[in-house]
Amino acid sequence: MPPGGLFLNNTIKNGFFAVLIHYRRAKRNMAKIRIKDILDGKYAGQKITVKGWVRTFRNDRFIALNDGSCLANLQVVIDFEQYEEAFLKKITTGASLAATGTIVESPGKGQAWEMQAESVAIIGLSDPDKYPLQPKKHSLEFLREIAHLRVRTNTFGAIYRVRHNLIYAVHKFFHEKGFYNVHTPIITGSDAEGAGEMFTVTTLDFDNLPRTPEGEVDFKEDFFARHTKLTVSGQLEGETAALGLSEIYTFGPTFRAENSNTSRHLAEFWMIEPEMAFYDLDDNMALAEEFVKYLVRFALDHCADDLAFLAKRLADEEKQKPQHQRQEMGLLEQLHFVADNDFERLTYSEAIEILRNSKPNKKKKFKYLIEEWGADLQSEHERYLVEKHFKKPVILYNYPASIKAFYMRLNEDGKTVAAMDVLFPGIGEIIGGSQREERYEVLLQKIEMLGIDAQELDWYLDTRRFGTAPHSGFGLGFERLMQFITGMGNIRDVIPFPRFPGHADF
RNA sequence: UCCUCAGUAGCUCAGCUGGUUAGAGCACCUGACUGUUAAUCAGGGGGUCGUUGGUUCGAGCCCAACCUGGGGAGCCA
5 MPPGGLFLNN TIKNGFFAVL IHYRRAKRNM AKIRIKDILD GKYAGQKITV KGWVRTFRND
65 RFIALNDGSC LANLQVVIDF EQYEEAFLKK ITTGASLAAT GTIVESPGKG QAWEMQAESV
125 AIIGLSDPDK YPLQPKKHSL EFLREIAHLR VRTNTFGAIY RVRHNLIYAV HKFFHEKGFY
185 NVHTPIITGS DAEGAGEMFT VTTLDFDNLP RTPEGEVDFK EDFFARHTKL TVSGQLEGET
245 AALGLSEIYT FGPTFRAENS NTSRHLAEFW MIEPEMAFYD LDDNMALAEE FVKYLVRFAL
305 DHCADDLAFL AKRLADEEKQ KPQHQRQEMG LLEQLHFVAD NDFERLTYSE AIEILRNSKP
365 NKKKKFKYLI EEWGADLQSE HERYLVEKHF KKPVILYNYP ASIKAFYMRL NEDGKTVAAM
425 DVLFPGIGEI IGGSQREERY EVLLQKIEML GIDAQELDWY LDTRRFGTAP HSGFGLGFER
485 LMQFITGMGN IRDVIPFPRF PGHADF
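Residue numbers for the first sequence follow this note's numbering, so the first one is 5 and each next one is one higher.
Do not rely on the hints blindly, as some may be mistaken.
To be verified - Here are the simulated BS3-like cross-link-like pairs (lysine-lysine), alpha carbons at most 25 Å apart as the crow flies:
#	residue 1	residue 2
1	Lys141	Lys93
2	Lys93	Lys55
3	Lys297	Lys395
4	Lys325	Lys369
5	Lys94	Lys46
6	Lys408	Lys419
7	Lys94	Lys51
8	Lys396	Lys363
9	Lys366	Lys325
10	Lys419	Lys450
11	Lys325	Lys297
12	Lys325	Lys396
13	Lys316	Lys396
14	Lys323	Lys392
15	Lys396	Lys233
16	Lys176	Lys40
17	Lys395	Lys323
18	Lys323	Lys140
19	Lys51	Lys113
20	Lys419	Lys363
21	Lys40	Lys141
22	Lys40	Lys316
23	Lys395	Lys371
24	Lys176	Lys297
25	Lys316	Lys395
26	Lys55	Lys134
27	Lys46	Lys113
28	Lys55	Lys40
29	Lys36	Lys55
30	Lys94	Lys134
31	Lys325	Lys140
32	Lys408	Lys367
33	Lys395	Lys366
Just so you know, these hints were derived from the structure itself, not from any lab.
Please model the entire structure based on the sequences and the hints provided.
Here is the structure:
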């Protein structure tokens, strides 16, 4: 800001408003400087101000400053003799501050650029006695308990950044292919999606529930005048959109009230569900494979530093394990492998043959032995196919109709449906999809056979009554993809604030 | 929900066959040093050993139940 006197003189000379506008514009355009850009050398020799959070303060001289724009810290070098001791004591791990100085080539090892600071201002104190994060390795379990602060660690900073890049890549992929993004409802009255237990959404007073004459809760009195729940899938609504827009995708929150306590399940997660008119199962599988490879490649191309850090983290973790439990490939190796190689495609029937003749089945090492066609595949079977037999991602298709959902298209053999699952090492099913049953009579028969109320699905059946068309789609669990790409073993660590049974903190 | 392993300082962990006053590193406090990379060196404070009950002369250690967390399974994405 110019000194007051000069400012006043100029306003008199040039006109008050012109200067005011100029000043405001300058202020508005003064973007905050990101540490990422400094470390890229964009401010070499310039005097600038940088803001961020202290990671460590070494030797009363070196502040490692991080602003989340990238993994690396900016080293801010201060002349400690210039400051009071009481001031230096405030530069603690976790404190936020602004430093002004010149960006110079660093004489030390470990960084190309550093800031020779002229002044430092503390913005927010961080009581070192109470701040839970230390400049040391913390367990993921501990960090999960302080999910509101873990974003300030290297690991979670990297995960958040990768997550953003993948969200962007999802939209970019579909947009460039001409798919339209559709927001399907989060609150749904449909009870027939069949993908799992649902959370009820209500404004009813629990202390004074309206009852029907039969003594049941009367949802006619509820906000929507019916029993409503949180969505478990946007698929049925997505299908209606595809049968008008041709190619669509959804990317929204999904809720499952299952009492699942595993490293691969969340009660609230994000799912991507493309739905395409005039696609058969082969087209569907080809799209799924192209999509996943694109996302993996995008992460490799745009998150190199963060992935390298996560790869090292995983490698260190693997070293703690006994030899036989270790992964053969490192994280980056595995990502390249998936991006560069074709997935194995085989039918359920072929998979059953392989499993039936497999060593663990013959030696009765499987907990669930494969006896005959029609059995549902367990985790151990999927893992065997992916991790032992093929050693690459596998797409299984044409499953028995009896173990799959009602909307999947019945094949000519009358006993299998055009379903497909993409199985990944470590996490199992990452994608589940199918060609949809477009024939009205066949679909209606299935619905009635399963005892689903056809009246509830009347709107859905309309798509088959009027201009029905073959169509396909799949669902990809975004957090499972995140697990694969970041190498994180627990799904609760790849979403900022995980929701799972007994936990809705933050 | 089931199986399994664990719970000792703010964090990560050690603690022998049940036996005196429960230890270490990091963090914190005091001091030294001042081009360091999770800085280093010297000293200091910090514990209801998850909870409750039981066995025993005596329990961090043995037993039971419960709570919490990890791993695996089921349900699935």
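Hints and how they fare:
At most 25 Å may separate the alpha-carbon atoms for a hinted pair to count; Lys141 and Lys93 meet this at roughly 23 Å. At most 25 Å may separate the alpha-carbon atoms for a hinted pair to count; Lys93 and Lys55 meet this at roughly 18 Å. Pair hint Lys297 plus Lys395 holds up; C-alpha atoms about 16 Å apart against a cutoff of 25 Å. The straight-line distance between the Cα atoms of Lys325 and Lys369 is roughly 22 Å, inside the 25 Å bound, and the hint therefore holds.
Between the alpha carbons of Lys94 and Lys46 the distance comes to roughly 30 Å, so the proposed pair goes past 25 Å and is violated. A distance of roughly 11 Å separates the Cα atoms of Lys408 and Lys419; the hinted pair therefore holds under the 25 Å criterion. Distance check on the hinted pair: Lys94 and Lys51 sit about 24 Å apart at the alpha-carbon level, within 25 Å; holds. As the CA atoms of Lys396 and Lys363 are separated by approximately 19 Å, the hinted pair is consistent with the 25 Å bound.
Taking the CA atoms of Lys366 and Lys325, the gap is about 28 Å. The hint is violated against a cut of 25 Å. A threshold of 25 Å between alpha carbons decides the hint, and for Lys419 with Lys450 the separation of about 13 Å falls inside it, so the pair holds. Between Lys325 and Lys297 the CA atoms are separated by roughly 29 Å; this puts the pair beyond 25 Å, and the hint is violated. For a cut-off of 25 Å, the pair hint linking Lys325 to Lys396 stands: about 22 Å separates their Cα positions.
A C-alpha spacing of about 22 Å is found between Lys316 and Lys396, which places the hinted pair at or below 25 Å, so the restraint holds. Proposed proximity of Lys323 and Lys392 is supported: the alpha carbons are some 21 Å apart, at most 25 Å. For the suggested pair Lys396 and Lys233, the alpha carbons sit about 38 Å apart, so the restraint of at most 25 Å is broken. Our distance criterion of 25 Å between C-alpha atoms is met by Lys176 and Lys40, whose separation comes to about 23 Å.
Between Lys395 and Lys323, the direct Cα distance comes to roughly 21 Å. Compliance with the 25 Å bound is thereby established for this hinted pair. Straight-line distance between C-alpha atoms of Lys323 and Lys140 comes to about 18 Å, which keeps the hinted pair within the 25 Å bound. Taking the CA atoms of Lys51 and Lys113, the gap is about 22 Å. The hint holds against a cut of 25 Å. At roughly 28 Å between alpha-carbon atoms, Lys419 and Lys363 are farther apart than 25 Å, so this suggested pair is violated.
This hinted pair checks out: Lys40 and Lys141 have alpha carbons roughly 23 Å apart, not beyond 25 Å. For the hint linking Lys40 to Lys316, the alpha-carbon distance of about 21 Å falls within 25 Å, and the restraint holds. A threshold of 25 Å between alpha carbons decides the hint, and for Lys395 with Lys371 the separation of about 21 Å falls inside it, so the pair holds. Under the criterion of a C-alpha separation no larger than 25 Å, the hint pairing Lys176 with Lys297 is consistent with the structure, at around 14 Å.
About 22 Å separates the Cα atoms of Lys316 and Lys395, which keeps this hinted pair within 25 Å; it holds. Using a Cα cut-off of 25 Å, the hinted pair Lys55 and Lys134 holds, with the two alpha carbons roughly 23 Å apart. Straight-line distance between C-alpha atoms of Lys46 and Lys113 comes to about 20 Å, which keeps the hinted pair within the 25 Å bound. Among the hinted pairs, Lys55 with Lys40 is consistent with the structure: their alpha-carbon atoms are about 12 Å apart, no more than 25 Å.
Under the criterion of a C-alpha separation no larger than 25 Å, the hint pairing Lys36 with Lys55 is consistent with the structure, at around 8 Å. The suggested pairing of Lys94 with Lys134 holds, with an alpha-carbon distance near 14 Å, which does not exceed 25 Å. Restraint check for Lys325 and Lys140: satisfied, since their Cα atoms lie roughly 21 Å apart, inside the 25 Å limit. As the CA atoms of Lys408 and Lys367 are separated by approximately 29 Å, the hinted pair breaks the 25 Å bound.
Taking the CA atoms of Lys395 and Lys366, the gap is about 20 Å. The hint holds against a cut of 25 Å.
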